[in-house]
Every structure is written in structure tokens, then in C-alpha cells.
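Enquirer: As given, the protein sequences belong to chains A, B, C, D, E, F, G and H, one line each in that order. Using this note's numbering, read the first sequence as starting at 1 and increasing by one per residue. Using this note's numbering, read the second sequence as starting at 1 and increasing by one per residue. Using this note's numbering, read the third sequence as starting at 1 and increasing by one per residue. Using this note's numbering, read the fourth sequence as starting at 1 and increasing by one per residue. Using this note's numbering, read the fifth sequence as starting at 1 and increasing by one per residue. Using this note's numbering, read the sixth sequence as starting at 1 and increasing by one per residue. Using this note's numbering, read the seventh sequence as starting at 1 and increasing by one per residue. Using this note's numbering, read the eighth sequence as starting at 1 and increasing by one per residue.
Hints were generated in silico from the structure; no laboratory data involved. Source: prediction; values computed, not measured. Any given hint might turn out to be false.
Below 30 Å or equal to it, Euclidean Cα-Cα: the simulated DSS-like pairs (lysine-lysine) are [unchecked claim]:
{"#": "1", "chain 1": "H", "residue 1": "Lys11", "chain 2": "D", "residue 2": "Lys162"}
{"#": "2", "chain 1": "E", "residue 1": "Lys162", "chain 2": "F", "residue 2": "Lys11"}
{"#": "3", "chain 1": "A", "residue 1": "Lys162", "chain 2": "E", "residue 2": "Lys11"}
{"#": "4", "chain 1": "A", "residue 1": "Lys162", "chain 2": "B", "residue 2": "Lys42"}
{"#": "5", "chain 1": "C", "residue 1": "Lys42", "chain 2": "A", "residue 2": "Lys42"}
{"#": "6", "chain 1": "H", "residue 1": "Lys162", "chain 2": "G", "residue 2": "Lys11"}
There are 8 protein chains.
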Amino acid sequence: MKIGDILTQVKEGSLTVDEAERILRKESYEEMGFAKLDTGRKARTGFAEVVYCRSKADDFLLQIYERLYEQNGEVFGTRATEHQYELLRAHFPGIVYDPVSGILKIDPETPRTLSGRVAVCTAGTADIGVAEEAAQTAEYFGTYVERIYDIGVSGMHRLFSKVESLEQANCIVAVAGMEGALPSVLGGLTSRPIIAVPTSVGYGANFHGLSALLTMINSCANGIAVVNIDNGYGAGYMATQINRLALGAGFTE
Amino acid sequence: MKIGDILTQVKEGSLTVDEAERILRKESYEEMGFAKLDTGRKARTGFAEVVYCRSKADDFLLQIYERLYEQNGEVFGTRATEHQYELLRAHFPGIVYDPVSGILKIDPETPRTLSGRVAVCTAGTADIGVAEEAAQTAEYFGTYVERIYDIGVSGMHRLFSKVESLEQANCIVAVAGMEGALPSVLGGLTSRPIIAVPTSVGYGANFHGLSALLTMINSCANGIAVVNIDNGYGAGYMATQINRLALGAGFTE
Amino acid sequence: MKIGDILTQVKEGSLTVDEAERILRKESYEEMGFAKLDTGRKARTGFAEVVYCRSKADDFLLQIYERLYEQNGEVFGTRATEHQYELLRAHFPGIVYDPVSGILKIDPETPRTLSGRVAVCTAGTADIGVAEEAAQTAEYFGTYVERIYDIGVSGMHRLFSKVESLEQANCIVAVAGMEGALPSVLGGLTSRPIIAVPTSVGYGANFHGLSALLTMINSCANGIAVVNIDNGYGAGYMATQINRLALGAGFTE
Amino acid sequence: MKIGDILTQVKEGSLTVDEAERILRKESYEEMGFAKLDTGRKARTGFAEVVYCRSKADDFLLQIYERLYEQNGEVFGTRATEHQYELLRAHFPGIVYDPVSGILKIDPETPRTLSGRVAVCTAGTADIGVAEEAAQTAEYFGTYVERIYDIGVSGMHRLFSKVESLEQANCIVAVAGMEGALPSVLGGLTSRPIIAVPTSVGYGANFHGLSALLTMINSCANGIAVVNIDNGYGAGYMATQINRLALGAGFTE
Amino acid sequence: MKIGDILTQVKEGSLTVDEAERILRKESYEEMGFAKLDTGRKARTGFAEVVYCRSKADDFLLQIYERLYEQNGEVFGTRATEHQYELLRAHFPGIVYDPVSGILKIDPETPRTLSGRVAVCTAGTADIGVAEEAAQTAEYFGTYVERIYDIGVSGMHRLFSKVESLEQANCIVAVAGMEGALPSVLGGLTSRPIIAVPTSVGYGANFHGLSALLTMINSCANGIAVVNIDNGYGAGYMATQINRLALGAGFTE
Amino acid sequence: MKIGDILTQVKEGSLTVDEAERILRKESYEEMGFAKLDTGRKARTGFAEVVYCRSKADDFLLQIYERLYEQNGEVFGTRATEHQYELLRAHFPGIVYDPVSGILKIDPETPRTLSGRVAVCTAGTADIGVAEEAAQTAEYFGTYVERIYDIGVSGMHRLFSKVESLEQANCIVAVAGMEGALPSVLGGLTSRPIIAVPTSVGYGANFHGLSALLTMINSCANGIAVVNIDNGYGAGYMATQINRLALGAGFTE
Amino acid sequence: MKIGDILTQVKEGSLTVDEAERILRKESYEEMGFAKLDTGRKARTGFAEVVYCRSKADDFLLQIYERLYEQNGEVFGTRATEHQYELLRAHFPGIVYDPVSGILKIDPETPRTLSGRVAVCTAGTADIGVAEEAAQTAEYFGTYVERIYDIGVSGMHRLFSKVESLEQANCIVAVAGMEGALPSVLGGLTSRPIIAVPTSVGYGANFHGLSALLTMINSCANGIAVVNIDNGYGAGYMATQINRLALGAGFTE
Amino acid sequence: MKIGDILTQVKEGSLTVDEAERILRKESYEEMGFAKLDTGRKARTGFAEVVYCRSKADDFLLQIYERLYEQNGEVFGTRATEHQYELLRAHFPGIVYDPVSGILKIDPETPRTLSGRVAVCTAGTADIGVAEEAAQTAEYFGTYVERIYDIGVSGMHRLFSKVESLEQANCIVAVAGMEGALPSVLGGLTSRPIIAVPTSVGYGANFHGLSALLTMINSCANGIAVVNIDNGYGAGYMATQINRLALGAGFTE
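Pulled out of the complex, with its shape left as it was, chain A reads as follows (with noise of 0.2 Å):
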């Protein structure tokens, strides 16, 4: 609703000044004392609420889970440890936990449809967790994903083999550590929207992931964006704008 309608209709006394006042500062979280729940989030954004579980205390996490779960029969998290699968299966049975990426999941009743195309491509198998991260949030965005794992410039033949399964996406998302080269070779090889993601994958002077993202930062190719370092969830978030606006379906599911 646009601000000039809102005002037309408190002139027109169909909207109370109280309710205009509250639409127009966008009350629209809920208060949890210690989080402000971004309730208004999907209606505004197409974008469904995911959970970051690393760090969060054990009652609040369940808390946010309870909440969620109740409002939208899902909950979607991610850099979720052991420790807290075991304490929220305890409340939710049907609760499933990937270790590798660290993602925590209830899943709907009716599994979600997924369409598009986004290519997931990792340089080493040690990139698979990220990778996932950025895969299964595209997913549960209903997004349709490729894995395409291994594929890194020590052995180029690996790649040169999937360069027509690439050129089907709508965008690929490129996860690498060490020198993180990947995104680099793939923009020189396809035609494709690249989501570079850095990983901390290394060791030595990669510095935690800075040599991996300052090579996708400064590369020589073309169309390619980096996300932090490990940030799976932002690639995948990110490649499921990108493929619903090649469907023309705006950026709601």
C-alpha cells in the first residue's frame, strides 16, 4: 500500500489514524524481549524468515523455532551444531539435520515445487558444506539446483566436462577456497550471472578465506559478485533472485 493511499483513506475515514500510524511505521514484527521476530517479512520481501542457529542460547532457539513453526508449518536454519539438533528433536520429531552443512530443517507437509535452474559448483570436496548451505536455501526458496562438486583448476578436464551443463543455468554459484581461481575460469568459459563464494577452505597464508575472496574480487572476468566467506545461505538467497526474475515471476514464490 503507498503511502498516498494510505493517507487518502484516513481522509475518507475508512483507516483509522491508529492503524495509519502503525502501517506507516511498519510495526509489523513481533516483540520476543530478546529478538524483534520479523513477522512481515515474506508478505514484503517473497523471502520466508531463515533461522541463523550458530551462537543462539538453547531456549531462544526453541523459542524462534516453536514460533515459526507455528506460523508457517516450516522452519529453515542453518550453522546449526549437534548439540542443537538434539535439543530441538526433543520438540520436533520430524526434524532433520545435515552435518556438513550445518543446516536444520523442519520440512513442509507437501514438499515445495522447484523450478529454474541454478548451477551449485564447488573447486574440492572440502567446499561440499558450503556449497550445500547455498544449495539447500536455494531450495527451500524453490529454486531447482544442480550440484556440480570437484570441479577445480588443479585437473581442468573435470570441468571442461560439465561446461554445457553450466550454460543451462540461470546463474551459477561458485564455491572455493585456497586460491578460489574457480570463479575466474568459469566466467571465462560460460556466459552465465556468476555468485562467487570464498570459502575458508586452506591453509597458510589463505588467512581464513581473504586469499580466496580477494581473487573472486579482482577477477579479470566478467560477471561475477562475491559473497563472504563461507556464506552459502547469502549465495544461495541471492541466485533464487536471479532465476525467479528469468521466470518472470517477480520475487515472490
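Given chain A's structure and the hints, the job is docking chains B, C, D, E, F, G and H onto it.
Expert: Positioned in the frame of chain A, the structure of chains B, C, D, E, F, G and H alone reads:
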């Protein structure tokens, strides 16, 4: 042409061995001695070659502009200097130079039709040079661009007045220096994918743009990916890829 | 007592040479062997000593709590561990420990009256530990604190609903991790001086809080100064100094 | 004017829908094409707009000075060059330029009355440029400033002779380059809140001011907050906010 | 087999289209689901696959060892843990684990003949783990290795007694932590190419090996190139390449 | 023995060729396989070997203590763990362990006479571990040490009361973490050469001691040189060198 | 000559004590006051002295060229300026200057025969200056060089067409700026040892070559070692060492 | 004069209260408006004031030279420019300027007697400017200096020929850029305390001297402490302090 097709044609004799070898090796570039001009680029990716002028020697630059103009009837260059403009003007009287963005271009005879919609925003007036590199790059590739400048966080009411306009874009390019908070704020207010461009604008602990880069990479808002400091070209390129997807146009114009 | 006064009293004989020397050397501390307890601190600055518990040896910590309790009838410590709480509880049954902020304190018999108004805000729920260190420090020094948590930029409407409340404070403490954009946004919306506290919350290229620190230091908004990463104590202290000035109370309680 | 009031007036007809919309959107800026001049700023925050001259194009700078002079009868700019002074002097004969601080200002006809007290200190003589930016900014906003220069730690007796003078200020601005120890030492000797300004003065491992910035951010003394390297303006601004609070004057002059 | 040859064979019918396509795509890897095992590697490069054990999941590691042992009759892994040794010993009783270097290997039935000569040196005793990774890697690839440990610059006479021995090597691997001066000193005393390996040995401003890395990269001595911090494997690999060249053996064993 | 003398003796026959060669090569170390024990060190430099215990394998450490005890009747080790103490106590009942500094030593039968005077200061109590490493190292080499702890800048009057005591030292070792301002302040108050030791004490932007290191390196005070973060040993060693010079004792005890 | 031989000759009288002392001390340099010219260098290492021209004073440079020309009949200098060329041309009419690489040399009368094969590659045209420093250095030392320029990853088909040519080299020098991915890609396609040279080409977060350096140091491909940013000379030197080994020529020409 | 003495004299009337206050406050400086000239410095520390010329305004510099010449009959300044030399030569015809080190001095009528012995070494010829700053500073303070230049590790035999000479110094100043290994090597060969001076000489990953600084700070050799990058003055100062101690001369000349 797929590899299997090539080989089948070789077997059938409709393609000579030499020709097939050339295609397989993809020698679709022009050897200029000092450079290998990527002449097949537009056919391959839907994006014509753009000249990065900075630090190119005078005669190299001239040769490249001559060769590209001959081939395409237009040339688009970034990061050019006043000196390079003077140099090329002697050969191309119709060449146009924009000192704010450093763009040096020979427009085609028939102006390009612009379609879709990308918003290019800046936090301050000092970011306009980078923003123009992004905007004019996107326009060169056929994208309609809405410019929204000087809406940084130090006077947030300026930004609020533009939110509806931002929501109509397929993609937002957000250009900011100093602390670089603009993309985060836009990410909290709109649902569009945002390409964040940190600039070197600022002083002291901005470390020539590192501060803005880190802010954007660490954004807690969703739907943000980042390109290099001052890389307007890269942002304009990727915004075009996304805009074309939204138009259902694929990656060719 | 000013130096001139001291010397006049010496000349007049109302002060012995020894005593004057002691005052001039300001030996107003208590030598504890491993430490020099600053017993004159409250008289000198209006702020009683606060114990930084982290990495203090058990018996050292105990001696300091005993000595300060004896002297002041209350003790306030920061960055304490569960173990230190167990240790001291054996000697001070009324001691209180807050595991979120790490504050370990023995309250005085008569609760302190709180006056003025300081707002302590966080961007997210993970910043609450640091925010509580700031808030409880300010309260220990007699400041009334308004807590406004979880108003980060990823859901800006939560923040907008609190602007009027923020404007009523004499000073705002803004606590944020990740990209740390909260102080910039507050600086663009309010007229209060802001003490910005970067936190180590986040991952990847946040570099343990460096990203948030740089954002805050480079803010283009006015009226922002920054303390160390996770330094809630320092922010609570300076907010109290400003609040006291606003109360016209000088720097003593 | 509060939102509820605006809506009530719309309902009662004393405010048109258009006008209310404009207020709610807070379009209180003047669109200048290349910039959005924040004309409502002084009313909103009690601080008039200050011009950051560095790297502004000649005609942009001239337009801004003309527009602000027209509106306020005075203009205050920082980081100006000799060239910019020459440029503007042709239009404003009474303009004054201070090459040490880079301040370029047109004073109002009636000099401003200065009140309260802020001390601006430097460690060395090379820090005076930044200190003057702080001092003159504070004076522009109506603050009385006491200048205490060249009291760095390499000759501590110079500092000791000024402690009483420092204690009379409501707020201390401490400007230092190289190792930047001055704010720590002042924090150990006075009870006033200190705004620390690291400068880029020094060489070698000072890393253009990073060394001084880190020193100040890590200070073990109490009551210190830090602004950007060489950011005299920011320190003068915040010192004024604190000084006004101490005067009980709120945030308007 | 060169591309022209392949195509000629296709034309002549001595190679099927399918087979040619497979060769051209170089699909010479084995898809294991979680990984693409590079089975053609030894044929292609003369170096068999080495397993980087760190952070590989238990069953993945086991599958890889099983598959490689089946194929080659030996397996060589680096950065293995005690736990991984226990795990694999249950399946390969003859497996050998060296806790100093973390090497976990199954030796072939017939010991390999070692030829040529590479010197592996360390500055201190704490660098021996990395040095052993280099030495044993080189030995795995058939290189004869001379170990010269604990010859750092703090006791230069130890180094001088070994200069003649160093001159007999085809290549020197110099392993050093802390300030990492050993390769520079060796470069000033010998004429052999030196592969410098910085280690994370040290504390404080060594920044986990960055100090040693910078020292080695900036060396004013000739004939030094550097690999990653603690990368003994990489040094052993390249030393073998150089040793084989010196033996006139090309790059296959 | 000078080279000329050696050669003359060879010519005259009073030295065999073999013996001369050994001397010239200075093979005055004991090869222990994993290490080359520098047995000629005390004769050469006047300082006996000190054992850096950290990360030495158990049996290596034991062998070194045994060999050095046999040779010198005393052993002095730094950075030892509780575990290493337990290990060695079984073999050397008289061994002494100081958990604060990590020093693990077997004292000689006759206590060493201490001479000269070195002052070892700390800013806070958390710096005492590093200070004790410096103090006990200096004592091991025969230096008389005055300990002055907890005189940091946050309570400057504590420092002032010790200035005269500091002036009596030949050399001052100043140990400080956080912002590390202590050496600068001492440099402004005394005329003694100062060896500054940054410590990793602090949090946030102290970057594990980097902040204190940069402060000390950039000090504007005179007569300050810096050793590595937490390097008490290095400071105690160099302080001894200077103290011996002041005693006119040369570099031997 | 080995030490034992020298001493034996002294004993036998065939070598005087003075002469032996001179040899043992290796005083094979020429004292020029401001410098110690390493005249024995070529004899000792097989590589003649190369002049690093940057920032050498005019008369120093002239003296060095004169002395080396006298001695060797040729001189080879790197990083020379136009000004230095003008200066020396007055004395050496036959001197040649290459402004792209900064090489300033006087060729010998008889051209050197080049042998073996080293490939020098660049990612882009802006890297050619550094590549020429490497190529011409290698040629100065007698190595045959194959130049392969502008084969960066943004147009991978250019690189693929050169793989066979690369495989014929004994050693590859890979020069790249920006993200520096070229050596990784080459490492995945060829079996030759690669000396990676990061360049300062790029902007923004390339940090003057640091980005490319980190990429190359962290490469997951095998057989890569790295020299300093822009250090073409160092790469050409080491490539020559390896090429000579492959020729079985040892380290002398 | 000790504090007790002052107070006793006040009591006895032999010192007025005003005078005592002045002494206690140590107002022994001359207020010059822009600076506080430390006139009591030589009396207090035994070292006369040295002028740091860089970036001092012309008239300030002139006033300082005039005032110091008046007081001491000589002036010694560092980091002066050609321009400053021209400026001052008009007033002091006897002034001497050394463009290599930037020292600008007016010698006293009677040349100073030099005593003791300090060795100042450089790794290369480009380090001589910094070394001369150290050497001439030490000479200004009365120290005899032995210069040993161009003995870096790339030609170690040059260094070996100077070891005996180095052993005769009371203190060694070791100046080196690039990888900065010289102090480590000297520390392994001599028993003298070493003041290490990193220089900004080098390129690429030397990061303007950071590389050399880290090398020196992390040195595994004993008896090394470090001053700021290019800080020859600081090294010359501290070397003098140590030299004076060795002469038994205390800290006054």
C-alpha cells in the same frame, strides 16, 4: 556447435580436419602481437569487447580502437585519460569523452534501444564517477538505467523518498565509499538483488576503499553481492545480465 | 588540593614535608604486591574501580574482591567466567553472575538511584552480551538506561518505530557486529551523540570485528565516536560521563 | 511534528494529503542534479551543513557555496585547497582561507557568541592542522575552545603544566599522530570525556595513521572514544554536542 | 595424442566418434559422488595422486584409500591425524603413520629406487614436521633426499659446515619459521635453486608464518621461489620436477 | 684465535691440517640427530644456551635437559608447560617451575651473584608473566633486577612515584599490552635506554599484540627499541648485554 | 678450491699465508666506497652481476656500468629510467633501452647463443613489462625464451591453443596481475614447473599485487612456486637455473 | 633536585612558593605559540634537542633554528629538504646539507670529540641514507662511528671479512630493507647488542618496510631490538646511550 556434431561432420567429410581443429581449439581471436583481440566474444557471450584504457600505450590503444571500430562500428572504453581523448580525437572526430567517469566512446550511427530497468544509486556526490561507469556500461549493453544519486545514510530522508522508484528496477547497483552502508540499508528496504560497488572515496581508515568493501561483504541484509573497489564496469555488466534474464531475453541483446 | 595550596600549607607548617611529598607524588594507591589498587580513584574521577576479571588468577581475584568490598560495600566486575563465579560465591553468597554479559557483581545494600537517560541499542540478538556490559556498567555508575535490542538494518522498519524513543536519550550506545551499519543509520536519523561499539559477531571477512570497527570509524554520519571491539564497559563509562554533564552534575555522582 | 499529529491534521482537514505525504517522506532537501542539498538539516539537528570541499568540481563547489550563503548568510567548508580559495574569492571577496587546516569560510556579519568550554590538544606541532579543523568546527557551531598544542609524551612536563586547564573543559579533543599515546595519558590524568583523533603524522610503521588509531582504540584509560584518522571535523562536531548538553542547551544553539 | 592426430584417426575410422569425444573432453576421472578421482593423473603428469587427509570425512577417506590402493598398490597421504591412522589401520594393517609430519602411507611391495639429489634443510627443530612432509613427498616421487636439520642463522657455524654438502644437490628445499632468513643466507652461499617453505613456527608478530613468507618473497638473494606456509608437499613436488629435469628424465619417473 | 694465527700455526706445524680445518669450519656443536646443540655458545658469546620448551617432543626435551645439565650443572628453559614440568621432575627432583612465566629451571648448586641493575616494569598485572620471563632470564645471566609492576597510564600517579627508582637502572625493560603506551611515557620521563616488550594482553583491535607493537615502534619518545610480542626472553637477554657494558664487564660474565 | 686443499697447500708452501687468508675470507669483491662490487660472482655462481638501477645516484650508476663493462664487455641493468638511459648514452653510444621493461643494457660484441627452452606467459597486455624483464634476464643468462602473451582466464580459448607449446618448455614463467589465476590454470593443464610472478597490475582490492601474490601462494595446483610482486628478474634467474639443469649443463653457462 | 629537597627548602624559606611550584611543575620549556621548545632537555637527559624538519612550515623552522643556535651555538636537523636548505642558508651561511641522509646542521665552532665505538652497517647501497642519519646522529651526540656498508646476505663473503671489526664495537646498528635478514645474520656471528633498522627499500611485498620490520622483530638470533622503519635517528640515539654506558660515562656527554 557441440563437440559430437563437429566430430560427426569430420567423419562425414562435411568439415575438414583443419577446420575442426581450429574450432575445437577455439582460435577465434585475432593475434595483434602485443594482444590477442577476442573477436568472437560478442557471439560467444552476447557482450561486445570493452576497452580498459588505463596504462595502455598510445599506439596500442589506437590500433585497438581502429580494429574494433572497423569490426563493430562503435567502441566503448573505460578509465581513459584526457590525453588519450586528445590522441584518439585526431582519428575519430566523433569520439566522446566524459571526464567524470573516464568513458571514451564512439557511438554507433543508430542509437541503441534501451530496455528493462536497472537503478544506479550513490551515497554521495564523490561516488558519481564510478556510478557513471556502471550506468553507461549498462546502457552500452542495451539496459535502461535510472540514476538516483546522493542518497547516503547521513540524510536518510533523501533515501526514503526514492524507495518506490527503486522497487521498480530489476536490479540495483549501489555505489558507496567511506563506510559503505548504503547497500545494507537498501537491502533492508527493497526486495531487488543488489550489486554493491565500494569506492575509494574517503580518507584515513577507509584504506582506499577496503572499509567500504568489508562493510558490503559482511552485510547482514539479504540479496547483496559485491564487486571490486571502483569497479563500475563490472557492476554494469552483471546488472545487464540480470536485467536481460528478467526480460526473458537470455544473454544476447 | 592545588599545588600552590599544598606548598603554602607546608610553609605555614600546617602540612609536614613528608605528607606534602606523599600528596604531590599522589601515592594514593594500595600496594598489593601483584597489583597497585587505585584506592583514590572514585574521589579523583567520580568513578569507582571496576574489576576486569578475564585471566586473573583465582587468589588475585579473590583478594581484589575482598579488598574492594571492604572498602566500598559493593564490587562490579566484567568478563568473568562461570568458574570465577563459583569461586567467589563461596565467599560472597550474595554475589550475582550474568552469563550473557559476563558481569559478576556484589550489589550494595541500598540500591543506587538511576538518573538521566542513555539508550543502549543492538543490531542483532548476538550483540546483547556486549550491550549488557555497557548497560549494566552505566547503571553501576548511576545512569538510567533504555534498552532497545535487535533493530539492525536488515529489517529497517523495526528501527523506525524506535526513533522517537532514541531522541529522548542524552547519549546513544550503538552496538553492532557484522557490517556494523547501525550507528551510521542512527546518526542519519537522530541528533544525539552516539558511542559506537563494534562487536566480534559475524564470520568470514568480519575479521573478528575489524569490519564493524572500520565501518563505524569511517561513518559519513555526524556525531559518532568509536570504542574497541566488544568494549561495552568503555561505552557505558563514557555514556555516563556525557549523561552526567547533561544532568549538570559534573563528573561525581 | 509527530506522525500521529500529522495524521490527525489530515483527518481534520488542516493538512492536505499532498503536504502530509511530503512531510512524511521528509523531502526536505533541494535537488541540485548532482547533489541533494540537505536544507532542513539545521532545523532537524541544530547543526548547519558543512561543506567537505575535497575533490568537488569547481562549478559544483561554487553552486553549493552560493546556495548556502544565500540561505544562511555564512558558509563553512573543510579540506579546501589554495586553488578552491582562489576560485571562490572571485565571487566572495570576504572569504577567508586557513592553509594550515584547509578551512575556507565566509563568516556571518555578526560574529557568533561562543559558550561552554572544549579543550583541543595536540601531541606535536605537525598535528595542528587537524586540531584547527576540530577547533574551528566547534567554534562555527558556537563552542568556546581552549587550544593547548605540543604537549606530547616525549616531554611530559609540558603536559603536566596544563592539567588544571584541561579539567575545566566539558570535553577534551586529543589530536596525536605517530604512536598516539596522548589520549591515554590524558585519560589517566583527567576526568573529562576525551574524543581522540589519530592523525596520519609520522612515517614507517605508522601506516598513515593506523598505528595511532589502534593505540587510541585499545586505550586502557577510561572515557575515550575515537574518530577517523585526521577527522578534526567529526571531533569538533561531537565535542559541540557534549558541550551543549553540559550547558543544558539541548542540541540546538 | 595431439588433437590433429585424433581427428585424423576419426576421419580414417580408426577411432570412433564417441571415443574421440571422450578423449577430447578428457573425461579421465572417476566420479565418486562426493569427488572426482583423477585417475589419469600419473599418466598425464608423471605424478600419482596424493591424498590431502585433513578434514576428510572418515568414510570418504576410507573409500579414497581403498580405490587408490586397488589401482596403484600404494597410497601416500599428508596431514593425517592419529584418529585417521587408527581408522585405516583396521583395513590396511601395513599402513605406516609418522606423527611428526602427519604422513600416512601404504608402501608398495617393491621399494622405490631413489635417484638424483635434493637437500631438505630446516632452520630449527620445530620446522622438522614440515620438512619431513617435503622430504617424504619427494621420496614418494622417487627422489633421493639429503636431510640437513637445525642450521638456522642464530648459530651460523652449523650452517657453514654444510655448504659443500648443499652444493651437491640439484635443488634445495629450505624450511624456516620465525623470521625465515635461512633461504636468503643459503642463496648467498650456494648456486642451487632454492624452494623456500615458510612455516608457522614462532609466536607474536610472526602472524602464523606471514613474517617468514614475506621475508622469503622479498629476499635479495637470487634463485629463490616460495610456496605456501607449511606447504612441505608443494616443495617436495616441485623439487622432484627440478631433480627429474637434472636427471634428464623428463617428468615421468 | 684469528685466521692468520691459525694458518701460521699450520705452516709452523704446531697445528695439524685436520684440526685447523675443524676450527675454521667452527664445528663446535654437538650433533644430536634431531638437533645441533650449540655447545660452544657460552665461550663464544658469554651467554649459555637457553631451552625454548614450547612444542618440543617429550624425549627431545629430556635429552636436551640431560645433556645441558651434564655440561653446565644447571638448565634454564622458557615457555614450558605443566606437563613438561611433570615429565622432567621425574628425572630432576630439584627442578623448579613457575606457572606464571612458564620458566622451568634447574638452579646451579652455588647461587649466581647478581650485579648491575635493570628495571623490569609492567603496565598491568596481566603482563607479569612476560615480565617474569624477562626478569628471570636477566637474573640467569647474572643481572640484578628491580621489579616495578602495574604502573600503566590509566593511573599515572602510580608511575610517578617510581621515577627515581627507574633512573637508577642501567636499562629499563617496559612490558605492556593493550595500547602499549608505557614505554613512550617512560621515555618522556627518564633518560635510560628502554627495551619495549609488547604483550598479547587485551582484546578486540589489539590484534594479539600488534597494536602495542605498533605503538612502541612509532614512539615519539627517544631511546626505545622493541622486541617481539611476548618476547620477555629477548628483552632480558639484551638488557643483560647493556648492563654488562655499563659494568665495564664486556660480554662475558 | 676446498678448505682442506688450501690448508695442505699452505703447509706445503705452495700457497702463502696471506693468500690463503684472502681466499678463506673470500674477499673477492672490489671496494668502491659506496659499494662492494661482487667481482667473483660469475666464477662462484655462473651468473654475472646484474645492475638494479632504480634509485641509484647518477655518478654511482655510471661508475658501476664503467667498471662492469671494463671487466665483462657487456652490462645488463633492470628498472632503469629514461633519465638514466640519457645519462649513460653519452658514455656508451651502443647502449640499448627498452621502456616497457626498463632494461638498459650494453650487448657484448658476439651475441650469446641461447639454449634450452623457457616459456614466459602473461595474463594480459599490462603484464608485458614484467614479463620482458623475466624474458630478457633469462636471455642474458643464455636461455632460449618462448613468449606467450595475453592468455588470461577471461578468454580461456586463447590459452588452450597454446598448451602444446607450453609443454615443450623446461620451465614456465607465468606473469599475472589482478586475481592472478593464470599459474593455477597452467598448473592444471601442464606438467612443467611453474615460476609464478604476481604483478601490481589492477586496482582496488588488488592491493598493489598482494591479491595476485596470495592467489599464487595458495594455488591448489601442483608445481608452482612464487617470487615477489613484479620481480621479473628473479623469475628469469631461477628459470635459467632450472633450464641449465635440464640441459645437464650444471650452473655455469 | 629531589622533591623532598624542594619542600625542605620551601619550609626553610630558601625557596619561594612560586619558584617551587614552577620547578615541581617542571615548566622548563619555552612557549613559542606553535610549539613548546624543550629548553631543559639537555640538562635533563644529556641529549640536546634535534629538529625533525619534515613538513615544518618555513617560518616555524627558521624560528626554531634561530632559537636553538642562539642557545647552543649549533643545530642538528633530520629529514630536511633541498628547499629547507636554501631557506636557511640565507640566514646561516655555514649551514651544511647532506642530500643522501637529509641532515641539515650548523656545526659548533669547536668540533666535538668522539669516543667509544658504534658500528653502523647496511645491507645494500640504497640503505645508506638511513644509515647516515643514524651515524651522524650518533656523532652529533659524541659517539665514534665505524661505517660498514653493503654487506648484505646476497654476497655473504663481504660480511665475513668484517666480523672482527664488528666485534670491536660497543653496539651495532644494522640497517636493511627488502627481507631485512642482516641483523639476524649479525646476531648469529657477533656478541654485540644490535639495534635493527628496517628500511623502506625494496618493492612489491616489502610493503614499504613492513617485511623488513617483521623479519627483525621475529629474529631467532639473540640481542636484537628494533626501531621504526627508516628511523636512523632513533637508532643513533639509543646506540649513543649504550656507548656512553660502556664508557662508564653515564648519560651525559
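Enquirer: Run the distance test for Lys162 of chain A versus Lys42 of chain B: straight-line Cα separation, threshold 30 Å.
Expert: Satisfied, since the Cα-Cα distance of roughly 22 Å is no more than 30 Å.
Enquirer: Are the Cα positions of Lys11 of chain H and Lys162 of chain D separated by 30 Å at most?
Expert: holds, 26 Å
Enquirer: For the pair supplied as a hint, Lys162 of chain A and Lys11 of chain E, is the alpha-carbon distance within the 30 Å limit?
Expert: Holds: Lys162 of chain A and Lys11 of chain E sit about 26 Å apart, inside 30 Å.
Enquirer: Going straight from one Cα to the other, do Lys162 of chain H and Lys11 of chain G come out at no more than 30 Å?
Expert: Answer holds: Lys162 of chain H to Lys11 of chain G is near 26 Å, not above 30 Å.
Enquirer: Just to be careful, I want the Cα atoms of Lys42 of chain C and Lys42 of chain A compared with a cutoff of 30 Å; is the pair within it?
Expert: violated, 53 Å
Enquirer: Given the hinted pair Lys162 of chain E and Lys11 of chain F, is their Cα-Cα distance within 30 Å?
Expert: Between Lys162 of chain E and Lys11 of chain F the Cα gap is close to 26 Å, so the pair holds against 30 Å.
Hint check: a violation occurs at hint 5 only; the rest are consistent with the structure.
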